[in-house]
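Chemist: So the chains spell out like this:
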Amino acid sequence: MSAGNEAAGFGTARGVDTTVLGENEIILNMGPQHPSTHGVLRIKLRLDGERVVDSECIIGYLHRGVEKIAEHRSYPQFAPYVDRMDYVAAVSNGLGYCEAVEKLLGAEAPPRARVVRTILAELQRIASHLLWLGTHALDIGALTPIFYSMREREEILKIFEKYCGARLTTHAFRIGGLQYETYDTFEYDVKRFCEALAARIDEYETLLTENRIWVGRTKGVGVLSADDAIALGVTGPVLRASGVQWDLRKAQPYAAYEQYQFEVPTRENGDAYDRYLVRIAEMRQSRLIVLQAVEQIPEGPIMARIGKVLKPPPGEVYHSIEGPKGELGYYIVSDGTIQPYRVRVRPPSFFNLQAFHRMARGAMVADVVAIIGSIDIVLGEVDR
Amino acid sequence: MVKRGGNDEDPPEKRPGDESVPDASSGASNVLQFPTSLKKVEPEAAAEAAKPARRVPGSAPAREAPPAPAPFDNELVQRLRARFGDAIGEVTIDRKQVIVIVDASHVREIALACRDDEKFEMLVDVTAVDWPRRERRFDIVWNLYSLTKNERLRLKAHVTVGATVPSVTSVWVGANWPERECFDLFGIVFEGHPDLRRILLPEEWQGHPLRKDYDILKQDTEWVREHLGIESGQ
Chain A
1 MSAGNEAAGF
11 GTARGVDTTV
21 LGENEIILNM
31 GPQHPSTHGV
41 LRIKLRLDGE
51 RVVDSECIIG
61 YLHRGVEKIA
71 EHRSYPQFAP
81 YVDRMDYVAA
91 VSNGLGYCEA
101 VEKLLGAEAP
111 PRARVVRTIL
121 AELQRIASHL
131 LWLGTHALDI
141 GALTPIFYSM
151 REREEILKIF
161 EKYCGARLTT
171 HAFRIGGLQY
181 ETYDTFEYDV
191 KRFCEALAAR
201 IDEYETLLTE
211 NRIWVGRTKG
221 VGVLSADDAI
231 ALGVTGPVLR
241 ASGVQWDLRK
251 AQPYAAYEQY
261 QFEVPTRENG
271 DAYDRYLVRI
281 AEMRQSRLIV
291 LQAVEQIPEG
301 PIMARIGKVL
311 KPPPGEVYHS
321 IEGPKGELGY
331 YIVSDGTIQP
341 YRVRVRPPSF
351 FNLQAFHRMA
361 RGAMVADVVA
371 IIGSIDIVLG
381 EVDR
Chain B
1 MVKRGGNDED
11 PPEKRPGDES
21 VPDASSGASN
31 VLQFPTSLKK
41 VEPEAAAEAA
51 KPARRVPGSA
61 PAREAPPAPA
71 PFDNELVQRL
81 RARFGDAIGE
91 VTIDRKQVIV
101 IVDASHVREI
111 ALACRDDEKF
121 EMLVDVTAVD
131 WPRRERRFDI
141 VWNLYSLTKN
151 ERLRLKAHVT
161 VGATVPSVTS
171 VWVGANWPER
181 ECFDLFGIVF
191 EGHPDLRRIL
201 LPEEWQGHPL
211 RKDYDILKQD
221 TEWVREHLGI
231 ESGQ
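Going down the list, the sequences are from chains A and B. For what it's worth, my numbering labels the leading residue of the first sequence as 1, then goes sequentially. For what it's worth, my numbering labels the leading residue of the second sequence as 1, then goes sequentially.
Read the hints as simulated data drawn from the structure, not as lab findings. Quick caveat, the model's predicted, so the values are computed rather than measured. Quick reminder that beta carbons are idealized off the backbone N, C-alpha and C, glycines included. Don't take each hint at face value.
[Unchecked claim] Distance condition first, Cα-Cα at most 25 angstroms in a straight line; then the derived BS3-like pairs of lysine-lysine:
#	chain 1	residue 1	chain 2	residue 2
1	A	Lys250	B	Lys218
2	B	Lys119	A	Lys250
3	B	Lys96	A	Lys250
[Unchecked claim] To list a few chain A residues with every Cβ distance to chain B over 10 angstroms, as calculated:
#	residue
4	Val20
5	Gly60
6	Ala142
7	Cys164
8	Glu195
9	Ala199
10	Arg200
11	Asn211
12	Trp246
13	Pro265
14	Leu277
15	Pro298
16	Glu316
17	Val317
18	Phe351
19	Asp383
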């Protein structure tokens, strides 16, 4: 069977053939309730001894028909739904959606709103990476990091809570800008958090970066070459760990990113260890962006004048942002009414998870957990 | 918001899909008008309004909105036209984004040319839009991105219900899942796809939910009763 798959080219997973097994082969079903699958992902593995011969991701357990719901809501009514897709990075989802609708309307958020959006989106990236770091380390067997990373994430969630009243599904932005002004000590809170964060990231690194077990469990695991990553549509930290220096914040800047200095960290090996290093470096860069942004938040209005009833002129738009997990795109078609005619969400996790089949082939069964963790998926977004 | 003419009239609330579905079960159109609080249905205005949104292929939307889609031409388009002739249809620009209408049957060759010669290395997304009033009902949309040029390109093909579209999995392996999703939710058959199965919904599910004639409250009640042991809608 594997010969057939070879002929069809890599990555074109055909589903695991369970009919004829070799002498040492078994079919192992992992999930959908396995703790390391971060939600409800089911993976069918065909194993030869401990080696993965073939694999198939079975998704859809969390499918809620979000794109269908969108066609029956007005533009602002749909905004809270996008928070429930990548629910550990709701701010980023909201940013992408609001900007896409603004583009469709031909409107633009005022400078103050854009800077505040940038700050919150970068804090959200840090929070998302922190949660990933903790759970990924936990999957592999390092118990300590999650306590520390949750501690820092809590500070970010507190800032969100003070800003908009919600911690997870924030609905922080509105189409055209922001609903809320920043609260009194916003700048102080953000600065204080960022100042503390640098040392905290160092602390995580002392726990993991040169830890022999960590390196042994992640180095050379789940390798994805740059060419494969591009062909598979993989984006975000996974792509950058494979050596492609591409980040939408630089390539096609949105919000207020063009005003700030930051680097796009990349690595060459494309394994789980490099993905870890890329995300750690990204947190440091996000911290720098937030510090630059919070230094000068321009005065002015926080909402553009877009009218009370949003009726974008007929047409379509594709807008994407660099979410914590990769390119998060919204393709919205308007027919001139108050409801979108079609909303297509291009979720980064969906495309990144597709590369699992490629990464897992030939891996040991114990490494499957490390590979899933290193992709950083959220099933709410994969299944929508 | 950008100012538009005709804003004082009653808003065109009627959506093009609503009344056009040939075989929609009775009562379906009532349920479709979900956010009732914002809707005022005036039959006449609605009937008129259904027109501009209809979008016959070959004519730009009739609304006079400022960023209206306009014909577009550049060297890339000329190269594609020279190579593929009639397979390249109308090329428009909408909100600064280029849309190339292509002939569905030639999409694999066009995709290959886009990838290798025009350096659109990445297939960002494959999706579809349903326009039930149109004869060629579905728009299949391929969103491409060029890492080299930092440009985006959107290919679009109009296809009829039973038609098959060539799969681009041989060009970008990453087309596998999004094409499966299109098949699952729209019922579009991609020819040459290695593994065209449902991806989000259960294998035995009946119907394709993102079609406009699939009512939002409707679901495969049989399946739900059999597998979940509850009455549909609970």
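Chemist: State for each hint whether it applies.
Modeler: Cross-check of the supplied hints:
The suggested pairing of Lys250 of chain A with Lys218 of chain B is violated, with an alpha-carbon distance near 44 angstroms, which exceeds 25 angstroms. Using a Cα cut-off of 25 angstroms, the hinted pair Lys119 of chain B and Lys250 of chain A holds, with the two alpha carbons roughly 19 angstroms apart. The straight-line distance between the Cα atoms of Lys96 of chain B and Lys250 of chain A is roughly 19 angstroms, inside the 25 angstroms bound, and the hint therefore holds. Remark: the non-interface label on Val20 of chain A is consistent with the geometry, its nearest Cβ contact in chain B lying 18 angstroms away (cut-off 10 angstroms).
For Gly60 of chain A, the condition that its CB be more than 10 angstroms from all CB atoms of chain B is violated, with the nearest at approximately 4 angstroms. Annotated as non-interface, Ala142 of chain A keeps its C-beta farther than 10 angstroms from every C-beta of chain B; the closest such distance is 31 angstroms. The claim that Cys164 of chain A is not at the interface with chain B holds, since no C-beta of that chain comes within 10 angstroms of its own (minimum 23 angstroms). Listed as a non-interface residue, Glu195 of chain A keeps its Cβ farther than 10 angstroms from every Cβ of chain B; the least gap is roughly 35 angstroms.
With a least beta-carbon separation of about 36 angstroms from chain B, Ala199 of chain A lies farther than 10 angstroms from that chain, consistent with its non-interface assignment. No beta-carbon of chain B comes within 10 angstroms of the beta-carbon of Arg200 of chain A; the shortest separation is about 34 angstroms. Remark: the non-interface label on Asn211 of chain A is consistent with the geometry, its nearest Cβ contact in chain B lying 34 angstroms away (cut-off 10 angstroms). For Trp246 of chain A, the condition that its CB be more than 10 angstroms from all CB atoms of chain B is violated, with the nearest at approximately 6 angstroms.
Under the 10 angstroms C-beta cut-off, the non-interface status given to Pro265 of chain A relative to chain B holds; the minimum distance is some 17 angstroms. Chain B leaves Leu277 of chain A outside its interface by the beta-carbon criterion, the shortest separation being 22 angstroms against a cut-off of 10 angstroms. No beta-carbon of chain B is positioned within 10 angstroms of the beta-carbon of Pro298 of chain A; the least distance is around 22 angstroms. With a least CB separation of 6 angstroms from chain B, Glu316 of chain A falls inside the 10 angstroms interface cut-off, contrary to its annotation.
Against chain B, the non-interface label of Val317 of chain A is violated: not every CB pair exceeds 10 angstroms, the least being about 5 angstroms. A cut-off of 10 angstroms between C-beta atoms contradicts the statement that Phe351 of chain A is not in contact with chain B; the least separation is 6 angstroms. Listed as outside the interface, Asp383 of chain A is inconsistent with that label: its C-beta sits roughly 6 angstroms from the nearest C-beta of chain B, within the 10 angstroms cut-off.
Checked against the numbered hints above, the structure breaks hints 1, 5, 12, 16, 17, 18 and 19 and satisfies the rest.
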